[in-house]
Each structure stands twice: as structure tokens, then as C-alpha cells.
Amino acid sequence: ETGVTQSPTHLIKTRGQQVTLRCSSQSGHNTVSWYQQALGQGPQFIFQYYREEENGRGNFPPRFSGLQFPNYSSELNVNALELDDSALYLCASSLSWTGELFFGEGSRLTVL
Amino acid sequence: GIQVEQSPPDLILQEGANSTLRCNFSDSVNNLQWFHQNPWGQLINLFYIPSGTKQNGRLSATTVATERYSLLYISSSQTTDSGVYFCAALWSGNQFYFGTGTSLTVIP
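Those sequence lines, one after another, are chains G and Z.
Residue 78 in our numbering sits at position 78 of the first sequence, with consecutive numbering throughout.
In short: position in the second sequence from 1, add 112, done, that's our numbering.
Calculated directly from the structure, the hints in this document are not laboratory data.
In this text, a Cβ means the ideal position worked out from N, Cα and C, and glycines have one as well.
Some clues are possibly wrong.
As the list claims (entries may be wrong) - Which stretches of chain Z does chain G cover? Using the computed rule of at least three CB atoms under 8 Å from a CB of chain G, they are: (1) 142-152; (2) 194-204; (3) 207-214.
Stated by the list, open to error - Label pairs and their in silico Cβ distance ranges: (4) G205(Z) / G16(G): 31 to 39 Å; (5) N79(G) / G164(Z): 43 to 51 Å; (6) E127(Z) / A80(G): 30 to 38 Å; (7) I156(Z) / T110(G): 21 to 29 Å; (8) H10(G) / E179(Z): 18 to 26 Å; (9) Y160(Z) / E52(G): 20 to 28 Å; (10) N77(G) / Q190(Z): 39 to 47 Å; (11) N77(G) / G169(Z): 37 to 45 Å.
Said to hold, decoys possible - If you want a taste of the chain Z side facing chain G, the calculated C-beta under 8 Å gives, among others: (12) L155; (13) N157; (14) Y160.
Please build the complete structure, drawing on both the sequences and the hints.
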């Protein structure tokens, strides 16, 4: 069984740039959720994708967007990066009927 | 949304000691999970426990949904137990709400 994998693991961007983070869900899981974790805090929900559509969104601006592909993998895109976007971005996959989350190792984004 | 509070925020234990971590939530929840965040940032599943009690080796968890709290017990702690422990509650929809975590340090 393949777990959740994320790429890249680390990246550095400058303010105003755009970034794309990628996530492959655990084998058999059809739902992907993205969370942002700032230093010293708990993760915060960005959005969830199910059947290639956004299926719930947290309190994040529209410059945070995503995609889910037919193989259930997903992308998180962030436009017009701000310094406060520096954080660990966590992807979690789940089965839609249980909701139990399984996380990847995260992508650590630094915005300078 | 709901508020999820964890206590204590920090905990230092001697190896071999036992501990109890608490998670309070402000409303009824549909599901609850406990995670251990390793030094590299990955959240490792410990328990998926909307109610009742579960045990896995030296760890066990109890959720009393009617009283809006969950407890994580760690017995005979080891240095590898060090890290941050999070609880996360599913209140409505698809959003899990995380607490601010308990940072555990186990010293040899």
C-alpha cells in the first residue's frame, strides 16, 4: 500500500511569485484535503477535493486554488505569494465515507 | 467553527513515566483523530476515535463525546515519543479543526 506523497519537500519563493504543490493520495483513497500549518500552530483547513471538484473550503482567499485529477492526485496553487504564506503545507487523503485523514510529509514553503 | 483546546501545552517526562494529554472541544463532533507530528513535520495517525476507547501498544485513547473531550494516554514513555501531539475534530462538513498541540519531551 502506497502512502500519501508530496512534492517538493522544500522550496523557496519570493513575494509575488506563484507556487504549485503536488500530492499523490494513498492507494484507494478518493478524497484529498489540504492544510496549512504555520510555525508553532496547528494545521488549518484550506480545502478538500472529491470527484475532481472542490468539496469544502476554509477561510483562505481565492489566490489559493486547487485541482484533483482522475487518479485522485491533487495540486495546490498559490498565486501572488505573501510573506505570511510561509508555512508547512500538508496534504491528507481519505475515503469519503470514513473521513479518517492520512497525511503526507508536507511541503515546506518559505517566501522571502 | 468549533474551538479545540489541548492541555497541557508543554510536558517534560522522564523516560518510563506515564502521561495523559487532554483535548476539549466546544461542540458535538462527528469524528476525532489523534496525531503525533514527527520532527520532519509529518502527522502520524495514532487513533481515529469518535467515541469509546482504543488501545495500541503503550498508547490508548478515550473519547467521551457527550462531555466533549478526548484523552490520550502514553504509558512507559520512551524518547521516541517526543514530539507534538495534535487532536483534530470533525465538526460539520469536511473540515477537521486542530488544537494547538501538546509538545512532549521525554528525557532519558
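Verify this for me: three or more residues of the region 142-152 of chain Z with a beta carbon less than 8 Å from a beta carbon of chain G. Contact hint for the region 142-152 of chain Z vs chain G: holds, 5 residues under 8 Å.
Let's test the interface hint: is any C-beta of chain G closer than 8 Å to that of N157(Z)? holds (6 Å)
Taking the beta carbons of N79(G) and G164(Z), is their distance inside 43 to 51 Å? holds (44 Å)
For the range 21 to 29 Å, tell me whether the beta carbons of I156(Z) and T110(G) fit it or not. Holds: the Cβ-Cβ distance is about 24 Å, inside 21 to 29 Å.
Cβ distance range 39 to 47 Å for N77(G) and Q190(Z), holds or violated: holds (41 Å)
Does the region 207-214 of chain Z contain three or more residues whose Cβ lies closer than 8 Å to a Cβ of chain G? holds (count 7)
CB-CB spacing for G169(Z) and N77(G) relative to the 37 to 45 Å hint: holds (40 Å)
Just to be careful: measuring from the Cβ of L155(Z) to every Cβ in chain G, is the smallest value less than 8 Å? Result: holds, 4 Å to nearest chain G Cβ.
Could you say whether the range 30 to 38 Å given as a hint is met by the Cβ separation of E127(Z) and A80(G)? Given range 30 to 38 Å: violated, Cβ gap about 48 Å.
Once the shortest beta carbon distance from Y160(Z) to chain G is found, is it less than 8 Å? Holds. Min distance 4 Å.
Kindly confirm whether 31 to 39 Å is satisfied by the beta carbon distance between G205(Z) and G16(G). Given range 31 to 39 Å: holds, Cβ gap about 32 Å.
Is the hinted range of 20 to 28 Å satisfied by the C-beta distance from Y160(Z) to E52(G)? Holds, at about 26 Å.
When held up to the earlier numbered hints, the structure conflicts with 6, 8 and fits the remainder.
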